[in-house]
Amino acid sequence: MDTSIISESMFHRDYVVRHPSGRGWVYAIVGAGLASLVRPRSEDEGLRNGELRASVPTGDTRTAEYIRELMRVARTGGMSVFAVDPMTKDIARRAERNFIAWPDAASRFGAKEAPLLTNGPTAWFTVDR
28 MDTSIISESM FHRDYVVRHP SGRGWVYAIV GAGLASLVRP RSEDEGLRNG
78 ELRASVPTGD TRTAEYIREL MRVARTGGMS VFAVDPMTKD IARRAERNFI
128 AWPDAASRFG AKEAPLLTNG PTAWFTVDR
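Heads up: the sequence shown begins at 28 in our numbering, then just goes up one per residue.
Keep in mind the hints are simulated off the structure, nothing from the lab.
Check each hint, because a few of them may be wrong.
[As the list claims (entries may be wrong)] Restraint-style ranges between C-beta atoms, simulated for each label pair: (1) Phe126 x Asp29: 23 to 29 Å; (2) Gly49 x Met114: 15 to 21 Å; (3) Tyr42 x Val100: 31 to 37 Å; (4) Arg95 x Val53: 23 to 29 Å; (5) Asp29 x Thr149: 36 to 42 Å; (6) Ser31 x Ala101: 17 to 23 Å.
Quick reminder that beta carbons are idealized off the backbone N, C-alpha and C, glycines included.
Could you build all of it, start to finish, from the sequences and the hints given here?
Structure (structure tokens):
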């Protein structure tokens, strides 16, 4: 959140609500200067993907600048991700668009004998090409 655009107290007052489960909080991805990182979570078969997303109201150039820089920083720190065929283990020739992984993601969270990332039972990825 860019606090030069919206204050933290205003964000909490206007956009944060209790999660329906009663455990934790959720917030809307609307309004000026907001970006959201949904953290990845560990699963039996690897690391499920997280998500970096943002809302940019039409004509809001300050938020658009902030989001462009945020996405640039994320892409600079991340590595390209390549699809892996779950049956043959063949690796795609081209990187997936809009998917990145931090350099240690597969080695830290994937199975030791086959360090892969996944976002579903048949959607496997690797940072190696």
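(message) For each hint given before, does the structure comply? Return the numbers of the non-compliant ones in rising order.
(response) 2, 3
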